[in-house]
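Engineer: Given chain A's structure and the hints, the job is docking chain B onto it.
Those protein sequences? They're chains A and B, same order as listed. So for the first sequence, this note's numbering puts the first residue at 1; every next one is plus one. So for the second sequence, this note's numbering puts the first residue at 1; every next one is plus one.
Keep in mind that the hints were calculated from the coordinates and are not lab data. Even for Gly, the Cβ is constructed at its ideal location relative to N, Cα and C. Errors might be hidden in some of the hints.
A short, non-exhaustive set of chain B residues, derived as facing chain A with CB atoms under 7 Å [unchecked claim]: (1) E132; (2) T140; (3) P151.
Some, not all, of what chain A presents toward chain B, calculated at C-beta under 7 Å [said to hold, decoys possible]: (4) M81; (5) F89; (6) H91; (7) R123; (8) G125.
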Amino acid sequence: MISVKDLRKSFGSHEVLKGISEEIKQGEKIVIIGPSGSGKSTFLRCLNLLERPTSGEIWFEGTNITDRHTDINRLRCKMGMVFQHFNLFPHLTVLQNITLAPVKLGLMSIDEANENADRLLTRIGLKDKSGAYPPQLSGGQKQRIAIVRSLAMNPTVMLFDEPTSALDPEMVGEVLELMKELAQEGMTMAVVTHEMNFAREVGTRVLFMDDGLVVEQAPPEEFFSSPKNPRLRDFLSKVL
Amino acid sequence: MYLTLFNDIYTNIFYSGRIFLYLSGLLNTLIIAFFAAVLGVIIGTVIAVIKVYAAESGALKPLSVLCDAYLAFIRGTPMAVQLLITYFVIFGAAPATFQIPIAIIAFGVNSGAYVAEIIRAGIQSIDRGQTEAGRSLGLTKNMTMRYIVMPQAVKNILPAIFNELITLVKETAIVSLIAIPDLTMAATMIRSRTFNAYVPLFFIALVYLSIVLLLTSVQRRIERRLAQNDQR
Chain A
1 MISVKDLRKS FGSHEVLKGI SEEIKQGEKI VIIGPSGSGK STFLRCLNLL ERPTSGEIWF
61 EGTNITDRHT DINRLRCKMG MVFQHFNLFP HLTVLQNITL APVKLGLMSI DEANENADRL
121 LTRIGLKDKS GAYPPQLSGG QKQRIAIVRS LAMNPTVMLF DEPTSALDPE MVGEVLELMK
181 ELAQEGMTMA VVTHEMNFAR EVGTRVLFMD DGLVVEQAPP EEFFSSPKNP RLRDFLSKVL
Chain B
1 MYLTLFNDIY TNIFYSGRIF LYLSGLLNTL IIAFFAAVLG VIIGTVIAVI KVYAAESGAL
61 KPLSVLCDAY LAFIRGTPMA VQLLITYFVI FGAAPATFQI PIAIIAFGVN SGAYVAEIIR
121 AGIQSIDRGQ TEAGRSLGLT KNMTMRYIVM PQAVKNILPA IFNELITLVK ETAIVSLIAI
181 PDLTMAATMI RSRTFNAYVP LFFIALVYLS IVLLLTSVQR RIERRLAQND QR
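Just chain A, same shape as in the assembly (with noise of 0.2 Å):
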């Protein structure tokens, strides 16, 4: 589904990601881990471009999405993207945060796109919340608005950035229970995450970089209970 070839990124001189050669299929939950500045946001932001690769080729769904012809905005609608930050916009309701991207690029009329938004709130049980503004709501709430607005898009993957990193510790469970139920239901995840619960519950591989690399990837049970890496040895025995 995404096929990756020797990704590499440099910010001026400072070269983040070093070639990164990955396939991600249909279905699969990647899990990404790694101490920070290791590469791994990058590494996601440049699935959807919103870092452009400085080479190296990403291959979506066929089509090559570095090619620089490629219309990346309809792309981008096929990948729902999560930040840290949750990025919902503050000056429009929640209902309206749902709404506005299927409305403007015209993929639904405003009655389908409410219709769609009001079915995604009762799901994550925020229908009460559609006439609130983002400033008016708690983190956890503000992530799985953000998590339901990507949804909206109807992506056939989901990348994932730190998604509980800025929450606080008793909200962290609410969102990482809204991306367990997605991943049940088959949604092809790419989620970078501190959360190692998570990578050995939902993930279907994961993959530890360090340095701008992938040193090392494994289904979840053999990747935390036998780590070759030295490395990850020495990551994991700090984070565990």
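Structural biologist: Frame of chain A; chain B shown alone:
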């Protein structure tokens, strides 16, 4: 002594229809300030958007360099000199009846530079995450600017724009340099007739002050309304 004061006020403001000289001067001041403000906001918005887009992608670099030169020239030279250049050099061949449109252009172009910086700063004060969220949903650059960034930036921009408008109204007092009968010119003409300086000058000072106070109260009202929205 009071009699002399009242007499001076009467002679310098009302006698032989002088009030109409002030009024027609005030009208010219307001016309120039208003249309220059409109022109300034249009120019400023265009320049600001070019500069913001150029900061993100290289495509608009040459245009952006041109904008920088314009900003440097306008902000680096006196308004009076710009007005004289516009009137005597750029529109040197225009008939004398075109003074007011020429003043509007000179002040509009000047104001545009300051408005551009205000709007640019307003746009760039909005968190990058807002743009990224918009783009990640598949919205185009323009849609993101229009529906997500601009509505939020306006809150930061409006108060500063009002300051610029207030400055603009006061700066128009130099249009007598190109012989436009504005409010200040009216005072000068009457002063030379009556040989009285303090009444005409304090009078027009009061008129300028009233305009500025009016604008300030509008600004306060808008700021208060925007602040209310923040607390929702």
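Engineer: Does each hint fit the structure? Answer for all of them.
Structural biologist: Evaluated hints:
Taking 7 Å as the C-beta contact cut-off toward chain A, the hint placing E132 of chain B at the interface holds, the least distance being around 6 Å. A least Cβ separation of about 5 Å between T140 of chain B and chain A falls short of the 7 Å threshold, and the interface hint therefore holds. Interface hint status for P151 of chain B: upheld, as the beta-carbon distance to the closest one in chain A is roughly 5 Å, under 7 Å. At a threshold of 7 Å, the smallest CB-CB gap from M81 of chain A to chain B is about 4 Å, leaving the interface hint in force.
For F89 of chain A, the suggested interface contact is upheld, since its CB lies about 6 Å from the closest CB of chain B, less than 7 Å. Taking 7 Å as the C-beta contact cut-off toward chain B, the hint placing H91 of chain A at the interface holds, the least distance being around 5 Å. Because the closest C-beta pair between R123 of chain A and chain B is about 19 Å apart, greater than 7 Å, the hint is violated. A distance limit of 7 Å between C-beta atoms decides the matter here; for G125 of chain A the minimum to chain B is near 22 Å, and the interface restraint is violated.
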